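Visitor: What follows is each chain in one-letter form.
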Amino acid sequence: MISYGGERASELVVRRMQENLGRDSPVRLFFDEALLVPAPRSAPLVRGAVWPAARIAEAMIPQGFGHTVVRLLERVAAVTTSHTAAGRERPWPDTHRKTLAVGRDLPVDFAGRLIVVDDVITRGSTLLGCAQVLKAAYPDAEVGSFAAFRTLKEGHTMPPDPKVPALGEIWQDGPMHREP
Amino acid sequence: MELIPTVELLERQLNDVEQRYAPSELWVRGDVSLLAPSCVRVSLVGSRKASQEGLRRCRKLSRLLVDEGVVVVSGLAQGIDTAAHRAAIESGGRTVAVVGTGIDRVYPTANRRLQEEIATDHLLVSQFPPGAPPNKRHFPQRNRTMALVSDATVIIEAGETSGSLHQGWEALRLARPLFVLRSVLASDLGWPDKMLGYGARVLDDVGELLDWVPTPVPPPAALAI
Numbered sequence: 024m025i026s027y028g029g030e031r032a033s034e035l036v037v038r039r040m041q042e043n044l045g046r047d048s049p050v051r052l053f054f055d056e057a058l059l060v061p062a063p064r065s066a067p068l069v070r071g072a073v074w075p076a077a078r079i080a081e082a083m084i085p086q087g088f089g090h091t092v093v094r095l096l097e098r099v100a101a102v103t104t105s106h107t108a109a110g111r112e113r114p115w116p117d118t119h120r121k122t123l124a125v126g127r128d129l130p131v132d133f134a135g136r137l138i139v140v141d142d143v144i145t146r147g148s149t150l151l152g153c154a155q156v157l158k159a160a161y162p163d164a165e166v167g168s169f170a171a172f173r174t175l176k177e178g179h180t181m182p183p184d185p186k187v188p189a190l191g192e193i194w195q196d197g198p199m200h201r202e203p
Numbered sequence: 647m648e649l650i651p652t653v654e655l656l657e658r659q660l661n662d663v664e665q666r667y668a669p670s671e672l673w674v675r676g677d678v679s680l681l682a683p684s685c686v687r688v689s690l691v692g693s694r695k696a697s698q699e700g701l702r703r704c705r706k707l708s709r710l711l712v713d714e715g716v717v718v719v720s721g722l723a724q725g726i727d728t729a730a731h732r733a734a735i736e737s738g739g740r741t742v743a744v745v746g747t748g749i750d751r752v753y754p755t756a757n758r759r760l761q762e763e764i765a766t767d768h769l770l771v772s773q774f775p776p777g778a779p780p781n782k783r784h785f786p787q788r789n790r791t792m793a794l795v796s797d798a799t800v801i802i803e804a805g806e807t808s809g810s811l812h813q814g815w816e817a818l819r820l821a822r823p824l825f826v827l828r829s830v831l832a833s834d835l836g837w838p839d840k841m842l843g844y845g846a847r848v849l850d851d852v853g854e855l856l857d858w859v860p861t862p863v864p865p866p867a868a869l870a871i
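Chains as they are written, first to last, in the numbering used here: chain E, 24 to 203; chain L, 647 to 871.
Rather than coming from a laboratory, the hints here were simulated on the basis of the structure.
Sample of chain E residues facing chain L (criterion: CB under 8 Å; computed from the structure):
1. A72
2. V73
3. P75
4. A101
Ranges between beta-carbon positions, derived for each pair:
5. L:P860 x E:I84: 24 to 32 Å
6. L:T807 x E:E165: 46 to 54 Å
7. L:Q787 x E:D117: 38 to 46 Å
Bear in mind the structure is a predicted one, so any value in this text is a computation, not a measurement. Positions of the beta carbon are idealized from the N, C-alpha and C atoms, including for glycine.
Construct the entire structure; sequences and hints are all you get.
Guide: Here it is in structure tokens:
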């Protein structure tokens with residue numbers, strides 16, 4: 024939907040975030056002053072192509088979610104797309120790590136917060152792979168993640184309140200599991 | 647014959663990437679509801695001088711898509727395009743032809759009856775004004791428009807200079823799913839690997855394609871026009 028509707032769809036997503044979050048939600052603090060880093064698509068971008076994660080990130084800034092969008096990450100080789108692949112075919116974080124390049128737009132001792140922004144989270148491999156690459160390039164940075172949508176197994180429901188996202192064991196690799 | 651704004655036909659706004667090459671208006675004849683968001687549309691494209699095997703694969707895929715309720719889109723050229731339209735019609739499905747001439751012109755002339763049948767019972771589309779003759783610059787533009795109106799594109803068989811490659815690159819630019827048949831990989835062509843490197847997928851099973859196209863539901867009110 025994001026790639027079809029462009030900025031309007033992204034704005035719709037962020038408007039829903041605003042509506043769903045209370046004024047004092049810790050999620051707002053999580054984004055405070057953070058630099059938003061769009062997660063690359065699963066393949067290198069054709070020149071001028073739609074980049075849904077970047078659209079979402081750019082729509083978040085005017086609504087107070089994050090300080091600036093920094094396009095630090097680039098996909099240099101294609102990987103299987105997680106949300107349509109069978110479980111065993113989904114890439115692991117190291118697959119992402121090996122196919123991502125990181126820009127040196129920030130000082131190497133950057134110590135602020137970087138939040139990887141993606142459109143959809145399946146098991147979290149993409150976000151974790153992105154976070155690992157960022158953490159390796161900027162070891163002093165605090166790295167977090169955010170996805171606008173998550174896939175849900177049949178019968179599962181969304182928890183009523185979003186939780187502050189946490190990467191947990193950032194260097195985890197291998198098959199991933201996400202709850203809920 | 648009618649001239650209708652593209653956003654009215656698609657019943658949604660276009661994003662800036664789509665707007666770059668999208669014609670603002672389209673000439674149409676036939677059932678314009680085939681371009682509505684409630685229809686899933688897949689383009690089948692490929693060579694004018696396709697092999698017999700390529701034509702067979704195209705007909706089979708067209709029939710399978712029709713069985714799944716998908717509208718088959720193609721360009722009414724010789725070869726793969728003709729096979730895609732005919733198979734869709736013969737199996738009781740719906741089809742959209744996006745032509746590279748004026749909507750009142752026929753190219754190739756061998757498809758006169760097929761074009762009339764599509765305009766009467768299905769949908770014929772052109773971005774070029776009535777009377778516009780065949781022009782080699784028009785066909786890549788037509789292919790971009792086909793990518794725009796399609797939820798996914800499948801390249802059945804194509805040489806290095808095939809016009810259908812324009813559509814493949816445009817589908818990738820628009821972030822629409824692009825598939826190539828596995829049989830194409832067996833050739834020594836360079837374009838399949840290049841496109842796979844930018845996110846095209848190898849198609850083995852029509853089910854994989856259906857996983858990638860949107861569920862046919864109306865867009866949210868905020869996106870509708």
